[in-house]
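Peer 1: Turn these sequences into a full structure, and let the hints steer you where they fit.
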Amino acid sequence: MTARKPYPSDVSDEEWGLVAPYLTLLSEQAGQREHSLREVFNGLRYVVKTGAP
1 MTARKPYPSD VSDEEWGLVA PYLTLLSEQA GQREHSLREV FNGLRYVVKT
51 GAP
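Counting in the UniProt record's numbering, the sequence shown runs from 1 upward without gaps.
Please keep in mind that the hints were generated in silico from the structure rather than gathered at the bench.
Among the hints, a few may not be true.
What the hints assert, rightly or not - Straight-line C-alpha distance at most 20 angstroms; calculated EDC-like pairs for lysine to aspartate or glutamate:
#: 1; residue 1: K49; residue 2: D13
#: 2; residue 1: K49; residue 2: E39
#: 3; residue 1: K5; residue 2: E39
#: 4; residue 1: K5; residue 2: E28
#: 5; residue 1: K5; residue 2: E15
#: 6; residue 1: K49; residue 2: D10
#: 7; residue 1: K49; residue 2: E15
The structure presented is a predicted model; accordingly, all values stated were derived computationally and were not measured.
Peer 2: Put into structure tokens, the structure is as follows:
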């Protein structure tokens, strides 16, 4: 994945440290995610914050 310019709605490292432990993590035997959980969370935050469809 290439680095991207951060959006103002992106979660900070401090906020991510609080949120990440509450998100379900896959076991090592399960298929792994294609996208970073943090990037998905940032996308959801962007939609909620901006009202984007």
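Peer 1: Next, verify each hint and record whether it holds.
Peer 2: Comparing the hints with the structure gives:
no.: 1; hint: K49 / D13; verdict: 18 angstroms, holds
no.: 2; hint: K49 / E39; verdict: 15 angstroms, holds
no.: 3; hint: K5 / E39; verdict: 12 angstroms, holds
no.: 4; hint: K5 / E28; verdict: 30 angstroms, violated
no.: 5; hint: K5 / E15; verdict: 18 angstroms, holds
no.: 6; hint: K49 / D10; verdict: 10 angstroms, holds
no.: 7; hint: K49 / E15; verdict: 16 angstroms, holds
Hint check: a violation occurs at hint 4 only; the rest are consistent with the structure.
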